[in-house]
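Whenever a hint applies, use it, and build me the whole structure from the sequences.
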Amino acid sequence: MNANETFKKNPLSLQLDLSKFSQESFIPATDEEKRQQGVMGESTTFFKDGMRKLFKNPLAVMSIILIGLILLVVIFAPMIVPYKYEEILSVNGVRDKGAKNLAPFTYSEKEQEFINNGGSRFPHIFGTDEQCRDYFIRVVYGTRISFFIGLFASIIVLIIGMLYGSISGYLGGKVDLVMMRIVDIIYSLPDMLMIILLSVVLNEVLKFSSGSLLAKLGTNMVSLFIVFGLLYWVGMARLIRGQILSIKENEYVLAAKSIGARPGRIIKKHILPNCLSVIIISTALQIPSAIFTESFLSFVGIGVKAPMPSLGSLANAAREGLQSYPYKLIFPAIVICLIVLSLNLLGDGLRDAFDPKLKR
Amino acid sequence: MSETLVEVRNLKQYFPVKVGIAKTIPLKAVDDISFTIGKGETLGLVGESGCGKTTAGRSILRLYKPTGGEVLFNGELVTEKNITHMRKKMQMVFQDPYSSLDPRMTVEDIIGEPLDVHKLCANRKERRERILELMEIVGLNAEHATRYAHEFSGGQRQRIGIARALAVNPEFIVCDEPVSALDVSIQAQVINMFEELQQKLGVAYLFIAHDLLVVHHISKRIAVMYLGKIVEIADADELNDYPIHPYTESLLSAVPIPDPDVTRARHRIILEGDVPSPLKRPSGCPFRTRCRYATEQCAEECPTLSDRGGDHLVACWVK
Amino acid sequence: MSETLLGVQNLHTSFFTDNGEVQAVNGVSFDLNPGEILGIVGESGSGKSVTAYSIMQILADTGRITEGKVLFKGEDLTKWNDKQMQGFRGKNCSIIFQDPMTSLNPVFTIGNQMREAVILHTDRRGADADARVKELLELVGINEPEKRMKQYPFEHSGGMRQRVMIAMALACEPDILIADEPTTALDVTIQAQILELIQSLQRKMGMAVILVTHDLGVIADMCDNIIVMYGGRVCERGTAREIFYNPKHEYTKGLLRSIPNVNNMKKKLIPIAGTPINMLNLPKGCAFCPRCDSAMKICLSEIPQELTINENHKAACWMNVKAAYEEASRNE
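As you go down the protein sequences, you meet chains D, A and Y in turn. Quick note on numbering: the first sequence equals residues 1 to 360 in the numbering used here. Quick note on numbering: the second sequence equals residues 1 to 319 in the numbering used here. Quick note on numbering: the third sequence equals residues 1 to 332 in the numbering used here.
Hints may be right or wrong, so weigh each one.
Unchecked claim - Result set (DSBU-like, lysine-lysine): computed pairs, CA atoms no more than 35 Å apart in a straight line:
{"hint": "1", "chain 1": "A", "residue 1": "125", "chain 2": "D", "residue 2": "268"}
{"hint": "2", "chain 1": "A", "residue 1": "18", "chain 2": "D", "residue 2": "268"}
{"hint": "3", "chain 1": "D", "residue 1": "257", "chain 2": "A", "residue 2": "89"}
Quick caveat, the hints were computed from the structure, so don't treat them as lab data.
Right, here's the structure in full:
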């Protein structure tokens, strides 16, 4: 009998050529083979996944590199550059009055003479200021101060905001109502005014032992910290309270309760870890805003105390000779811009990578 | 009937709802319900959204503080004081396998949490062994212990939730819509697992769901809720074949049956309108506004459950 | 048979995500005749909703039709520009969504939103448009339409909102109504009301309906023809009776075995093993083979082609080829 004729009996044979199949095709597949077809994806933790996303974001990577570079310079430059930020330049122990307002990478006459005599002199990378101080090292120290203030202020904000917000959010009800009204009142205080007033008052009240870091920073900066501690935490407190309120509604919190877990455990094990990403992100975004505030205050003259430089006070000092020496404004301004921009971009990158709400 | 494990007596759960500035009115989510569940038995609890079935499950486990009534477990009254101890006997499986597992915890920690809370394991090795044993019971691969919940599909996540509930060796589990968030092809896996666990471990379930076919499949008896009240309780087959309450009747007729000939041949009783808001509960029988048999008596007085023979309890004046 | 109203030919739709291309629809073809109720059934990730959205071209930003044609009365919609598509949407083809809670704008009244739909697609204006809105609300069984028109969406229940959505979809008497899981968010008794409404409106207005759902019960109740989808491909298609009583694809068979039914109440359900498909990591052969009990060597490596079982029934499963092959070898 012709094979083709038999196939015609089955309707399927009209549609495809059965002869191209062999018995082997229809051997049942083993479980192992089936499993290979549908494998579970690579194990990723929340952190790993977030980091992967962060490093895929070119802007965030650039910011990380930039911040890293700035930090490296800020940390190591004072070890390499032989000048101090308050040091007035001198050659062989004699004050060098000619080293005033030098342009970048130039030497004064005395220095040139010294070099010609076979001495070596470290170049003035950003030139010098009107008091014959090396400008590069001043900018480096200014950046240090800015970073320090940014970090310190953010930590103050974080601690106060987190404690206040988590208590308010977890307890809820009437406690929450009262605590949040206090926040509203603090929110309505004008912050700049508070800083100026406080610094005036604290100038009278506070006396630091000379030589301590706080004394070097001056009362203005201390009042800035106090204002940050008093006023700026409210944003963080609100944010954390909101987070906790929404996390509290999740079924896993109810599930923990149904297991028999006590409130302390629920906060520690379930609520805090779940708002951690939001806390980190907003702290990262808090740093540039603190740096900005400090620079602004220093620029208007109520920032760090001279001779301690900060980026804002350097920019302020540069205003006077702006037409002759524009680079003196440009350098600190560029550094502020770079720091604030890259920290902001990094904060955005962190949010895109870690905020669970933005997950697609 | 087997020995009684859980007895719920006149359970009431009201929530205060703000109307105006200082005035609150009670939202009667669960209004005076009573039933019993025997050892190793499944009671299905069905009703539409907002009928209070989820609230009932949670009140029984004291996740809310009940407004009134009492729950007896093995003859012992469940109170605020002994609830931590009771939670070793009574557990819950939640509806949403996505939000009921902490995204920052590994499977191991999720399943191990009840063990930690009740300090059931002497050391880390014992804890780990117990967790792996539980994972095997619910059909999870032991390799996955260190993974995070979000890496699993809905069905697997629900298995994790079940393993967590089983960790303390409970005698009673409230299952709150455990399959409704799952894909059709996965539902059967989970339903089968509930049935197998019952045979193996002898746990009793309160199986809350809106899908009547699923409830009928898994339950020995079924209670039907409407606006915070139980309107009918009967043996599952009895209820399915001979529903008495008009609400049960229309509910059964409205379920789409996956069989073209059967479903097209039967007569659908379409109810008029929507479920009234629990805040504007009708006087008398809560169902009377949508009931085609409603009489004057129904508006005046609320019917109570009465036995129509063979443990078939119905709350209706007309039928 | 009457002329085909909508023809989908070899439709491919992909989403381009951070994790790579997701081929949500992989070569779906079907024809829709006027006045037909076509059911597309599948679980999450089967591509059933994406197929519907592709017809309307209302995909998310990352989604794109990469291949294939959508022919409406013979014209290829994939070639149309945005403006032409806007005319098509609403006028020729309307869609209602799963969630009636979010598909209405909460800040406008019902009447306002409906009037907009009427004005956009018809030349009725002012009182004329209002009259049409009232007429539509009456059509979908809403009592006191004038009062309802002045209310905001939050004042209506889920079932009522879904009725409003249907009324809006019907504003210009479209040829096709796509219902994407129209009753999934609703209660059983409300679901019955809405299904009844869709059925009666379909009979009254003679439009074609594409019903996308995961609920086999709803499909059994409503549809003339059924398409079963899995992993972005069509597994099986045919009339309701053929699919339910003579399934020829292992997935359909498994699905029917795994759901509680009137006949298997006392029996244990037979579940489909495994986990739902990972669309980022599609198997090389048949999408269902990792979960299939009868998977064969050929299923692992080759995508089954769709074959005609009888004039009302087609399926894409190698098991059918195996049966034919064995019969042929026996006869030899």
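Evaluated hints:
no., hint, result
1, A:125 - D:268, "holds, 24 Å"
2, A:18 - D:268, "holds, 32 Å"
3, D:257 - A:89, "holds, 14 Å"
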